[in-house]
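K.L.:
If you're matching them up, the sequences are chains A and B in order.
Taking numbering that gives the first Met the number 0, I'd label the letters of the first sequence as residues 0 to 608.
Taking numbering that gives the first Met the number 0, I'd label the letters of the second sequence as residues 0 to 353.
In case anyone wonders, no lab produced these hints; they're calculated from the structure.
Be careful, since some hints might not be right.
Derived, one-sided and incomplete: chain A residues facing chain B with beta-carbon distance under 10 Å [as the list claims (entries may be wrong)]:
no., residue
1, A291
2, H296
3, W385
4, S408
5, S412
Sample of chain B residues lacking proximity to chain A, with all beta carbon distances greater than 10 Å (derived) [said to hold, decoys possible]:
no., residue
6, L29
7, K82
8, T101
9, P160
10, A208
11, E281
12, D287
13, A331
Beyond 12 Å from chain B on every Cβ pair, some chain A residues (computed) [what the hints assert, rightly or not]:
no., residue
14, T33
15, K37
16, V39
17, W151
18, Q519
19, Q552
20, T563
21, D602
C-beta: ideal position from N, C-alpha, C; glycine also.
If you want the building blocks of each chain, they are given just below.
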Amino acid sequence: MSNEAVLHANVEGATAHDAHHDHGEHHEHHHHETFISKYVFSMDHKMIAKQFLITGMVWAILGGLMSVLFRLELGYPDTKFMFLQDILGKWWVQDGRITAQAYYALVTTHGTVLVFFVLTAGLSGTFANFLIPLQVGARDMASPFLNMLSYWFFFMASVVMLSSIFVETGPFSGGWTAYPPLSALRDASPGSGRGMDLWVIAMALFVVSSLLGGLNYIVTILNMRTKGMSMTRLPLTIWALFFTAVLGVLSFPVLLSGFILLIFDRNFGTSFYLSDIFVNGVGALPNEGGNAILFQHLFWFLGHPEVYIILLPAMGMVSEILSVNSRKPIFGYMAMVGSLFAIAILAFLVWAHHMFVTGLNPLLGSIFVLLTLLIAVPSAIKVFNWLTTLWRGNIRFTPAMMFAIGFVSLFISGGLTGIWLGNSALDIHLHDTMFVVAHFHIVMGVASMFGMFAGIYHWYPKMYGRYLNNTLGYIHFWVTMAGAYLIFWPMHYEGLAGMPRRYYSYSAWESFKQFGGLNQFISTVALIVFAVQILFLFNFFYSIWKGRKLTTQNPYGSNTLEWTTPIRPGHGNWTGEIPEVYRWAYDYAKDGREFIPQTTPVDPNETNH
Amino acid sequence: MSTFFTIAVIVLVFLIIFQIAKASEYVSVLKGEEKSRKENNKLNGFFMIAFLVLGLIGVYWCNDMFYSKTLMAQGAASEQGEKVDSMLFLTLIITGIVFVITQVALFWFAFRYQENDKRKAYFFPHNNMMEIIWTVIPAIALTVLVVIGLRNWFSFTGEAPKNALQVEVTGMQFKWIFRYAGKDNTFGKKYYKMIDANNSLGLMWKDSADINIKDDPAAHDDIVAEFTMYCVKNRPVKLRIGSRDVIHDVGLSHFRMKMDAVPGTPTTMWFTPLYTTKEMKEKLGNPDFEYEISCDQMCGNGHYSMRGIVKVVTQPEFDAWIASQHSAYSSAFPPPPVPTADTAKKMAVVVAKK
Chain A
0 MSNEAVLHAN VEGATAHDAH HDHGEHHEHH HHETFISKYV FSMDHKMIAK QFLITGMVWA
60 ILGGLMSVLF RLELGYPDTK FMFLQDILGK WWVQDGRITA QAYYALVTTH GTVLVFFVLT
120 AGLSGTFANF LIPLQVGARD MASPFLNMLS YWFFFMASVV MLSSIFVETG PFSGGWTAYP
180 PLSALRDASP GSGRGMDLWV IAMALFVVSS LLGGLNYIVT ILNMRTKGMS MTRLPLTIWA
240 LFFTAVLGVL SFPVLLSGFI LLIFDRNFGT SFYLSDIFVN GVGALPNEGG NAILFQHLFW
300 FLGHPEVYII LLPAMGMVSE ILSVNSRKPI FGYMAMVGSL FAIAILAFLV WAHHMFVTGL
360 NPLLGSIFVL LTLLIAVPSA IKVFNWLTTL WRGNIRFTPA MMFAIGFVSL FISGGLTGIW
420 LGNSALDIHL HDTMFVVAHF HIVMGVASMF GMFAGIYHWY PKMYGRYLNN TLGYIHFWVT
480 MAGAYLIFWP MHYEGLAGMP RRYYSYSAWE SFKQFGGLNQ FISTVALIVF AVQILFLFNF
540 FYSIWKGRKL TTQNPYGSNT LEWTTPIRPG HGNWTGEIPE VYRWAYDYAK DGREFIPQTT
600 PVDPNETNH
Chain B
0 MSTFFTIAVI VLVFLIIFQI AKASEYVSVL KGEEKSRKEN NKLNGFFMIA FLVLGLIGVY
60 WCNDMFYSKT LMAQGAASEQ GEKVDSMLFL TLIITGIVFV ITQVALFWFA FRYQENDKRK
120 AYFFPHNNMM EIIWTVIPAI ALTVLVVIGL RNWFSFTGEA PKNALQVEVT GMQFKWIFRY
180 AGKDNTFGKK YYKMIDANNS LGLMWKDSAD INIKDDPAAH DDIVAEFTMY CVKNRPVKLR
240 IGSRDVIHDV GLSHFRMKMD AVPGTPTTMW FTPLYTTKEM KEKLGNPDFE YEISCDQMCG
300 NGHYSMRGIV KVVTQPEFDA WIASQHSAYS SAFPPPPVPT ADTAKKMAVV VAKK
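Excised from the complex, chain A in its bound form:
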């Protein structure tokens, strides 16, 4: 542990810092740290985690707001929202209606932002940074500097992405998957002009951020575990974050390469993805011999692991939270690790199930069917193990626990429709319909969001030394939970009617126009759910300063190491020596004791399990 020495100076600082903190709520305790080094260019993993979290929350609100706007158009196509026109201007809203170009820009940016900026950076960026050093027993990440860079690359990506909203031709509007030729041809769509330039640059910066972060997470987990913390004693959160980082490091470069080829096609006249194209108003393009499907292979080689990059951290945190609040060990620890491993491996072998209708070789398609449905097996193991963890527990419904239970429910609902879509013969029919939208929003979007909420509610006291308001937490949970099902459950029926996704209007279609009332209902619920997220946001920021104070080190009676640090840990986390670990993280209800922290030596009389 070479960086122990490097961090030593910080530990001293942390000691003084902590002593100071116990006296009160002053914010002027910067003995060694300036405002800039503590809050802006911080190298403390906990501060970087908060930076990721809060940036992610800003994006979640923006991305959520975008979905509210385009849902307004879908749900209330005949209503004129003149006030929106006053706020947003004529490019976005004309005669009180969101324009088609604005609709597609919103759909695209909503998808990109939620998938990458919220559920990748906001979720694994936050919790990998926050939990890895705290739970493996390290003073900080292996490279705090790279860690800081990781955040600032993300910040730059955010700025560039945000700026794309304000360019004259509008942000990119070809869907978050950015399939060329649409995304490659400036003349095919106004959004594929300057907006797409900025989109690609933002994504490239994001990939850099994600790689810097990911390498750091892997190295920290492998090399900086405290004494006694063998891999099989790691909490499941860490295992999940580990596999997440591995997935990211192996797959994001492929996405970047895909983007680089796209940049070449866009700017330098190459034909990687372009062939035989005649654009209206422009004429025949010189490009020949490229293959548009190549991009899809490169994109989904990241795109599918990306789903698990989003989902695994949520799974890990949910496992931990279910166990702690059931007061009972997680059921089948090794099976949980094994299934995470299996999911991580299979994640690389299923990408073409997004491409069943691209005309790919049927034999190849059949192999991807097999591997895709194989993922259901480790997923099933996880679900049954979570259920068994609850069974005969002594369950405390903290808001975090509620969200964890909600996660399991959503994961089941969304996972099962994955079995429909993964089977290519059914996928032909359901592909690119609202059924798919319902499926991935439930299983990846909302479920991971629930995992993120669970994590925030659970570790908020560790982050800020205060609690979130529980009543607001319960309201937040129940409205979001009911809302998620009310929004996405009926959407499956739209998909079963063949209703395509990404349609600005269905009114001209004899086959799809029967869902006007349902669309209105869905939009209304979406609006309410969004409003409740504002309530959560308020709770979050209010509680940072005014929340009920944490008075004990270990409020949940939890076994993991983060609860052995001071209530408000400084940079370096532990004031004295890093504690040694003697057991796994899940000795709850063992031998009649409610919980046995990992730092408690094994008693010779203890039963073996």
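With chain A fixed as given, assemble chain B onto it according to the hints.
P.N.:
For chain B alone, kept in the frame of chain A given last:
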């Protein structure tokens, strides 16, 4: 004005909720945090089971309300579609059973094992037998689904029968172009650089030495149409699919079929329609019914309006229709009043060369 009023009401509701939440926190401090936590626990435990019951009722109610609006209710309009539907029902049954069992277990356990002073949590870290069981059972169920799925997949994606009617479908922003082979039953060659206002597909109607193109006689009798595609009841139809600009997707939800239209990379799809459009109108009691072609791949700002229609007719109706069609070439270069076929062609070449 009403906007401001709405915003004011929302803000007010927020404030009230917030005050209640804050007050309940103070009350809990006064009452003793442990006690109020237990009260909350009971309440949320009850909500868990209530959510399960209401949720399952909601699932039933939702199905009751919307099933009739889906395609399942009207049945598939192609042989392949019928297989898709039966596979879909089987998948629904299997996943439905798992859904109910696991959701009931989840919320029931949450309710049943909520915190209780009398009960101690049961130390139960693992049990290999149970884990093997719930690895093997899903694996078996999935194997069944995979076998059925792949059998259908290979039959759908396999070669079309020999007697299939061949139609070429080309997507462009934002409409569909259809081409039939004409009298010679052969699709003439085309090249995208030949596309112009008269020649939407770039058929090789003339020599063009600079891009190494030779006139293809087979292209002269090809019939090109927009918006409406004709095919024949009970006769397989094979679509040769392409695109002029970006990726589109030929979505035929009534036939349960779908295939991307990719520029530069031709794709194919085939199916056998079972009912004529007229029969479907009668069957569904909807005189406005049409088999619609939707574009199912994001293709630009007009994506949602990229609509086409498939008219399924009987063979005699189809023969009559195709006989009434002029070749694209003759529409582009109308023959002089009393031509022979041969002179018309020469004339057209002369015109084209000008």
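K.L.:
Look at each hint and say if it fits the structure.
P.N.:
Evaluation of the provided hints:
Interface hint status for A/A291: upheld, as the beta-carbon distance to the closest one in chain B is roughly 5 Å, under 10 Å. Interface hint at A/H296: violated, since its Cβ lies 13 Å from the closest Cβ of chain B, which is beyond the 10 Å cut-off. For A/W385, the suggested interface contact is upheld, since its CB lies about 8 Å from the closest CB of chain B, less than 10 Å. Interface restraint check for A/S408: the shortest CB-CB distance to chain B comes to about 6 Å, inside 10 Å, so the restraint holds.
For A/S412, the interface hint holds, the least distance from its beta-carbon to any beta-carbon of chain B being 7 Å, beneath 10 Å. For B/L29, the shortest C-beta to C-beta distance to chain A comes to about 13 Å, beyond the 10 Å cut-off, and the non-interface label holds. Distance to chain A contradicts B/K82 as a non-interface residue, since its nearest Cβ pair spans about 7 Å, not more than 10 Å. At the 10 Å boundary, the C-beta of B/T101 falls inside the reach of chain A, the nearest C-beta of that chain being 5 Å off.
Distance check on B/P160: its Cβ is at least 17 Å (rounded) from any Cβ of chain A, clearing the 10 Å threshold; non-interface status holds. In this structure B/A208 is separated from chain A by more than 10 Å, as the shortest Cβ-Cβ distance comes to about 17 Å. Every CB of chain A is more than 10 Å from the CB of B/E281 (nearest about 15 Å), matching its label as outside the interface. The Cβ of B/D287 does not lie farther than 10 Å from every Cβ of chain A; its closest approach is about 5 Å, which violates its non-interface assignment.
Under the 10 Å C-beta cut-off, the non-interface status given to B/A331 relative to chain A holds; the minimum distance is some 17 Å. Every CB of chain B lies more than 12 Å from the CB of A/T33, the least distance being 35 Å, so the non-interface label holds. Chain B leaves A/K37 outside its interface by the beta-carbon criterion, the shortest separation being 30 Å against a cut-off of 12 Å. With 12 Å as the threshold on Cβ separation, the claim that A/V39 sits away from chain B holds: the shortest Cβ distance comes to roughly 31 Å.
For A/W151, the non-interface assignment is confirmed: its Cβ lies about 32 Å from the closest Cβ of chain B, beyond the 12 Å cut-off. With a least CB separation of 14 Å from chain B, A/Q519 remains clear of the 12 Å interface cut-off, as annotated. Non-interface status of A/Q552 relative to chain B is upheld: no Cβ of that chain comes within 12 Å, the nearest being about 17 Å off. Non-interface call for A/T563 relative to chain B: holds, since the shortest CB-CB distance, roughly 22 Å, exceeds 12 Å.
Residue-level check passed: A/D602 sits 15 Å from the nearest beta carbon of chain B, beyond 12 Å.
Consistency with the previously given hints fails for numbers 2, 7, 8, 12, ordered from lowest to highest.
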